[in-house]
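Enquirer: These are the residues of each chain, in order.
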Amino acid sequence: MDVSLEVINKSFGSVRVLKDVSLKFPSRKFVTLLGPSGCGKTTLLRMIAGLETVDSGIIRFGEKVVNRLAPRDRNIAMVFQSYALYPQMSVGQNLAYGLRVRGTPKEARAAAVERVARILEIEHLLDRRPAQLSGGQRQRVALGRAMVRKPDIFLMDEPLSNLDARLRITMRAELRRFHLDLGATTVYVTHDQLEAMTMSDHVAVMNGGIVQQFGSPAEVYGRPANLFVAGFIGSPPMNLIHGAVELENGAPTFASEHARVSLRHLANRVHAGQRVVLGARPQDLRLVPSAAEGNAHGRVWVVELVGSEKLVDVDLGDKRRLTVQVRADAPVLEDEAVHVGIDPHDVHVFDAETAQRVSGRESAVPPFPGSEPLGRREHFRPIATSWRD
Amino acid sequence: MSWEILWRHTGRGVIFVALCGLTFVVCFPLVWALSTSLKPKSEIFATPPTLVPKAPTFENYAALVTGRPQYFQSGGQQVDTGATPAQFFTRWFLNSLLVTLGSTVISIVVSTLAAYSLTRFRYWGRTFVPYFSLLGYMVPSIIFVFPLFLMMVRLELTDTLLSLVLGYVSITLPFCMWLMWAFMRSIPIEIEEAALVDGATRLQVFRDVVLPTALPGIIAAAIFAMIVSWNDYLFGRVFLNSLDNLTLTVGVMLFFEGTHVDWGLLMAACVLMTVPMASLFMGLQRHLVAGFGAGAVKG
Amino acid sequence: MATRFRRFTLSDQAVGVLFMVPFVLTALFFMVYPIVEAVRMAFFSYNPLRPDLSAFVGLSNFSYIFDDQLFWTSFWQATVWTGFSIVFQTLFGVAIALLLHQALPGIAIFRGLLLFPYIVPTVVIALIWRWIFNPEIGVVNYALLASGVISERIYWLSTPEMAMASTIMLNVWKYTPFVVICVLARLQSVPLELYDAAKVDGAGVIRRFADVTLPQLKEVLIVVVVFRTIWTFNKFEEIYLLTKGGPGTSTFNLAVYAFEQSIANLKLGVGAATGVIMMIMLSVGSVIYLRSAGFAREEGHG
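Protein chains in written order, with the working numbering: chain A, -10 to 378; chain B, 54 to 352; chain C, 127 to 428.
One or more hints might be untrue.
[Said to hold, decoys possible] List of simulated lysine to aspartate or glutamate pairs, EDC-like, C-alpha gap at most 20 Å:
1. A:139 to B:246
2. B:94 to B:112
3. A:308 to A:335
4. A:139 to A:163
5. B:94 to C:262
6. A:18 to A:112
If you're looking for bench data, these hints aren't it; they were derived computationally from the structure.
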């Protein structure tokens, strides 16, 4: 069952929370709404669930318009951030509740509960109350509640944020697996870009009530459509340098106080004098031995060892810094003078005024993606060790 | 500094003794009443008065429960006091019970439903109503009594238990409303949303999810309403006339109006009047904490 | 949130409205109406035994009241009664709360017992009071005489001063637990680190009480005092059941005055007018309460 959101608008009082949002989630795919607090992602999710009204716009499940349908008539299931288990009922009763209110006979209910409990390995908890369970167990009960009813669409509102870090990591994989087994269209809300990248088929990056970009994880990582997406996705975040385009021997070059990078390959996209922002991920920067090879120069400010890599903060002067990722065994010392090498083909260029991407053909939001192929196989680094920890 | 050291060693003991003394002073009236009620007539007026009866007897309680007419000593002779109020005691007890239960049930049901509506739906007056109720609570009952009495006159309900039930609703509903509203507000709405998504209708959500979770608040409000109704004197005094229909509080005061006060009987009546509410309170105390905690701290 | 209207299920909005209806009806008839009627009656003369004679009299009920010496006496007595009651309730309340705020074993029992007076019917305690404070056969006089504290019987309820004292005592007995609950609740939410910091800084027991405990209690005490004052001023049963306002009229307060005017003098209009005056004073008190409660809330409490 695919979900279409057509020109959705929503305001709370005088605050516009969602502005002309249009998205299409393909059937049986895992889609994440990603963004900082207040960007409207939870509101959007609740509108899909039927817990908030739509000011204007149409929500469709498949072909059917669902705007006016109550949650109970939408055949959806939802996992809340706090799991929202019924405190006075046992786990078994929690699981069975949805079937009970639909009038499913007792034996069928018991059978369904047993099946789900077995799959999620919570059979031994069926008689306990939610208050007696751990966070991970509660979450599984919440998932079980959804599973029991075989929904068309499965909604999750930041289900991992209440878990401790270790549990979160294992649960990511489990949730992804859960989605595949369930076979429903899953819409997932989170502010954690790592969760979005690891679990989703598609990511909708949102900010200020507007969809900034909608694409596969690879796309939002490798071809961010604007400055917001570029800065939001990726850990450590992308380096952003403000500067302008100059002509050097007739070829366009990015120039700022502290860095120069050739933009010859983007000649037809930029013009001289254009103010731009250059983006380069720490993983795409290198420390080079000689000044001639380097595009920027400075002094090592701090070195952080992150297990298999080192993150080197290079101070270029005037408090401008670049983060460079190098191998763990690379010999770098704090306060050392270094040169940073930036490969022109690895950079992302954004127009300073519009914040939009200059290189590449993707603009912010194709109206109804989903049927589009997942981007050309262009020259971008394979998703390496950057966001998997 | 030496005070500190002294305190550390003896402090607990001192406090304990102080608490015991305090408890004695506070509970003394009732203890003494109990003691008096168990004494035979001869011992009541004996000097020195004893705390523990030397010859305890249940005759006072028996008189009240069975409605046996009472006798008292007068010049060495037993004199029948005729239709003394003691004969009505069980009747009055029942009346009080009926009126208390009736008004409590009405107040609880009305306020719980209204509290749910106020906290889950959006319309004008959703904050006005609870604060208005709180104000209503602060209006002294003497102001309510006479207008309501006139209303009962018009409805020809004077001297009936129903009039009392309605009267008590007017003084218990405001605070119950306030309490239930404050309590409902603290119930997280996500549980209900989960139930709605699970497929329940509003009514099913109310029955299966909200009511069980609101139980502590309901219990607290019920205890409050029952205590107020059971203990009231004013409304009973104004609304009721015939001996048959009196509530305990009004009736027992009548014991006192007579020329000869049978203290033993009177104290027994006092004890019996206090026992229901006291045991209810003690039994449900822990629920009170939960209920009041979420609701009126300043109430 | 609208739903398709189906035969057996109600739409969402319908449920919301339906649930409010009982309350609205009940409140209108039994809360709004009486108060409105009470105000209206203040401008009529109304004899309950001769309702046909009731007539609009404008403000003459009020002028009757203001000319009546008994009214002013009642007012003054109410103030005295309230003042003393509140002072004692607060002092005892705080002291008891401090005592109860200990982690002694069995403290829960003490807490239960000390809250007892609040649930006892006023009738009961008034009657017991009359018994134990009976001048001839009451146990209090006996104990006081026997221990030599006094040399003559005290006529607890038969002299104006002692009657006032007795009613004050009853009021304090009955309502101090209320103060205890509120203060105790506040005490239990004072972070313990404050005391630790004070100890480290070198403060002794009394200093700690004065500088840590009392400021924390300030807000709740203000609220409690204002609330209790409003309540106590208008109390009826505590006085009437013990002394019937006597001896004579020496323990009359405004509520008793209103009652007597209505029942004894059959002047319901005057009683209602007294009620109106009481309500005005109540409003003044409420405004003070709201201000002080708002003040308490701003300070980060509750």
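Enquirer: Any hints from earlier that this structure breaks? Give me their numbers in increasing order, please.
Expert: Numbers 3 and 6 - these are the hints that the structure violates, sorted from lowest upward.
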